[in-house]
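Hey, can you work out the whole structure from these sequences and the hints?
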Amino acid sequence: MEKIKKKLFDGSDIEILGPTYEPGKPEGKGEWKNKMQDRNEYIKYLKQAERYWYNSDWFGSEKRKNPA
324 MEKIKKKLFD GSDIEILGPT YEPGKPEGKG EWKNKMQDRN EYIKYLKQAE
374 RYWYNSDWFG SEKRKNPA
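Heads up, the sequence shown is in our numbering, so the first residue is 324 and it goes up one at a time.
Derived by calculation from the structure, the hints in this document are not laboratory data. Virtual Cβ for every residue (Gly too), placed ideally from N, Cα, C. It is possible that some hints are incorrect.
To be verified - Straight-line distance between alpha carbons at most 27 Å, and here's what the computed BS3-like set of lysine-lysine pairs gives: (1) Lys367 to Lys352; (2) Lys356 to Lys370; (3) Lys358 to Lys348; (4) Lys370 to Lys352; (5) Lys367 to Lys356.
To be verified - Each pair of labels, with its calculated beta carbon distance range: (6) Lys330 to Trp355: 35 to 45 Å; (7) Gln371 to Ile337: 30 to 40 Å; (8) Gln360 to Ser335: 46 to 56 Å; (9) Trp376 to Glu354: 14 to 24 Å; (10) Lys367 to Tyr344: 53 to 63 Å; (11) Lys330 to Tyr375: 18 to 28 Å; (12) Glu325 to Arg374: 35 to 45 Å; (13) Gly353 to Tyr377: 47 to 57 Å; (14) Lys370 to Glu345: 47 to 57 Å; (15) Glu373 to Ile339: 32 to 42 Å.
Here is the structure:
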């Protein structure tokens, strides 16, 4: 991995990681729908995704004491 030297706000030097992706273009589409075995698994995945984005219940480190 390539490291890049940058300066912090106080003037000290620090090394950070450079680009970590592989160069080039993807060989094909990332078709996540085709990885599902059947319709029920597909629906379960979508329900979990909707719960993550739209539900007021949060878990773990995402939980807030005061809602935004």
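Results of checking the hints against the structure:
This hinted pair checks out: Lys367 and Lys352 have alpha carbons roughly 22 Å apart, not beyond 27 Å. Restraint check for Lys356 and Lys370: the C-alpha separation of about 14 Å stays at or below 27 Å, so the hint holds. As the CA atoms of Lys358 and Lys348 are separated by approximately 21 Å, the hinted pair is consistent with the 27 Å bound. With a C-alpha separation of about 23 Å, the suggested pairing of Lys370 with Lys352 holds against the 27 Å cut-off.
The hinted pair formed by Lys367 and Lys356 meets the criterion: a straight-line CA distance of about 12 Å does not exceed 27 Å. The hinted window of 35 to 45 Å between Lys330 and Trp355 holds, with their beta carbons roughly 40 Å apart. Under the hint 30 to 40 Å, the C-beta atoms of Gln371 and Ile337, about 38 Å apart, fit the expected range. In this structure, Gln360 and Ser335 meet the distance hint of 46 to 56 Å, their C-beta atoms being roughly 53 Å apart.
Taken as a hint, the range 14 to 24 Å holds for the pair Trp376 and Glu354, whose Cβ atoms sit roughly 21 Å apart. In this structure the hint that Lys367 and Tyr344 lie 53 to 63 Å apart at CB is violated, the actual value being about 30 Å. Judged by the Cβ atoms, the range 18 to 28 Å given for Lys330 and Tyr375 is violated: they are separated by roughly 38 Å. At roughly 39 Å, the beta-carbon separation of Glu325 and Arg374 lies within the given 35 to 45 Å, and the hint holds.
Between Gly353 and Tyr377 the C-beta distance comes to about 24 Å, which lies outside the given range of 47 to 57 Å. Range check, Lys370 to Glu345: about 33 Å between beta-carbon atoms, so the 47 to 57 Å window is missed. Our hint of 32 to 42 Å for Glu373 and Ile339 holds, since their Cβ atoms are close to 36 Å apart.
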